[in-house]
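With the hints as your guide, set chain B onto chain A.
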Amino acid sequence: MSPVPVLECEGLTKSFGARLAVDGVGFKIAEGEVYGLLGPNGAGKTTTMKMVCGLLEPDKGTISVAGRQAIGNLEVKALIGYVPQDVALYPDLTARENLEFLARLYKLGRRTVAARVAEALELTDLTERRDDRIDSYSGGMKRRLNIAAGLLNHPKLLVLDEPTVGVDPQSRHAILERVQAFGREGLAVVYTTHYMEEAERVCDRVGIIDQDHLIAEGTRRELVAQLGEQDRIELNAAGDLEALAKACRAVEGVTNVATADNGVQIVASEGRHLLPALLEAADAAGIAVTSVEVVEPDLEAVFLHLTGTALRE
Amino acid sequence: MRTILAIARKDLRLRIRDRSAIVVGVLAPVLIAGLMSLAFSGLNSFHFTLGLVELDHGPVAAQLVKALEARQLDQVITVRSFASPALARAGIKDGELGAALVIPAGFSGSVTSQHPEALMTITSSQATVSGEVTRSIVASFAAQLNADRLAFATALAAGAPRADTAELIRRVSALRIPLQTVERPAGAHELKVISYYSPGMAIFFLLFTISYTARSFFVERSQGLVERIRAAPVRPVEILLGKAMSVLVYGVVSLGTIGVITSAAFGADWGAPLPAALVGLALVISVICLTALVIGIARTQRQAEGVASIIVFGLALLGGNFFLISGAPSAIQHLALLTPNGWAIRGFTDLATIGGGVGTVVQPVLAILAFSAIVGALAVSLARRAVSS
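Chains as they are written, first to last, in the working numbering: chain A, 1 to 313; chain B, 1001 to 1389.
Be careful, since some hints might not be right.
Per the computed footprint, the stretches of chain A lying under chain B, defined by three or more beta-carbons under 8 Å from a beta-carbon of chain B, are [said to hold, decoys possible]:
(1) 51-63
(2) 75-81
(3) 88-95
(4) 99-108
If you're looking for bench data, these hints aren't it; they were derived computationally from the structure. Ideal Cβ placement from N, Cα and C applies to all residues, glycine included.
With the rest of the complex left out, here is chain A:
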């Protein structure tokens, strides 16, 4: 990590009325680092990102960008590129008009605006269609343009708020490749997601956020190491999943169980050796297990281990 982090947050706290949205969140991001903020929906990721981007003022805590105090500091916003979760572009304007407008907000000169717009269009392979209204674009093209718009000011810090939600697999792959490239090019990136596999793939370090708190932070290796020799087991089943989870919890060696979309997820020591006992417990509970998978320790298992709930709950 470089001596001066590109982003440094400490003790960020934000409430909306009586509801606490973010409580004491803090992390640092270095130049060229892709930092993933991983957590379920409603955990406080977007609120944290909005505070970083100056869209919300924290009740408590500090934020500094490139060593400069950021809260209420308009100039610091010029150092940040923000890519919102939904495509935030004017559908009735062309790609060029959208980009020119957004670039002008950074008070760039006319020539610089033209150069940055050309650069963004090149990056998104949309130069040929720059004069088409973007309501004629495909979803993937809009997503690409949405990200490129966040780079117009040549930021030091790029904040991507769940950029792959609702995106087709091909576009998703392209976006993830691009995010990895941003890191290689020296940009500090904050990437919020509730997709564990995305965080594992693109992020150098991950902060796990749940119920307003940052509960763990580190590289994938560091986080997985917290599990020790434990495995994650997925039991897919139909029927009363709560009853299945209860039966599994009673098996010796099981440390955490949570219901998921089509079954239960289990964290257990020596997972492979526990399979017969788990299947027996399921059978005794009257649940038919349709498939079993023992997964190497991953961020999903870490999340389950730390919170006792599956990430997609």
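Showing chain B alone in chain A's frame:
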């Protein structure tokens, strides 16, 4: 300033790209002003043909006919004689006549009796104004006649010799029927209907900018566009000023274009360009303040549309955009002066009737700006909160 201009330019581009801008901003007001002018043009030059069935041929009847054919009534009535009430009725049915008046045989002779013959007015359900005018003339004549009859009866009761009855009737019938006066608007020139409805409709459709701008703000906010702008080094007040500038340009161009078209095509009189521009500019400023108020009050797009509709139609009704305010009850005329559009219409009509320069519109312009200052002060803090949230 660069940011404000960028936002204004973007908003104008979006506004122009939306074809409704040209319809609402120019075509609809011009069309409706033209149609209303056509529909109400009769108010300036009302005229109808009156069928007259004169069956009496006596001196009193002669006075009535003379009164109907007086020069002062030339512009309102053309008298056409018919031999019988049936023929007059047919004329009304065919639409040739607006109304008819039947003077029965023996009418002159009966005026001194206890039960004089009655004058009969035949009216049409299609031409109610013609009927009212005819009734009014007959009522006026009857009032005069009754006064004469009273004088005649009084003379007899006071001992005037019966032998002089004929002379008395001659004298009475020689008396003239009082003429009605026609009220004209104050000012050097008569106000043409088109000169009222051109600014009236232009202002009414300009008020729709409140609804359009407020709605588009909430659409932008729901699409994350306001947030994206705020993520850049832009102050909330710059966003509001950018939007205000786009409304200013759109409003001024819209009013100016309607002014030029209605003047050239329909002969509308908007007054001298400079004072008319001042009234227009003041009005657009009030529209900006009202837009900020709607953005500040509403929480959602739907709420914004609702609040804006109430404001637009409330102001248009109170301010006299749909009807000639001079013909409204005095309470309505006073209420109109609580609205910026009411003052603007007054400014434009003053320019069309009194004429003159900037001095003519000082009061309306100051009144509109005072309204804007009050609404604007209330709106700015509310709207800043809406932009920041």
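Now for the hints, and whether the structure bears them out:
no.	hint	verdict
1	51-63	holds (count 3)
2	75-81	holds (count 4)
3	88-95	holds (count 5)
4	99-108	holds (count 6)
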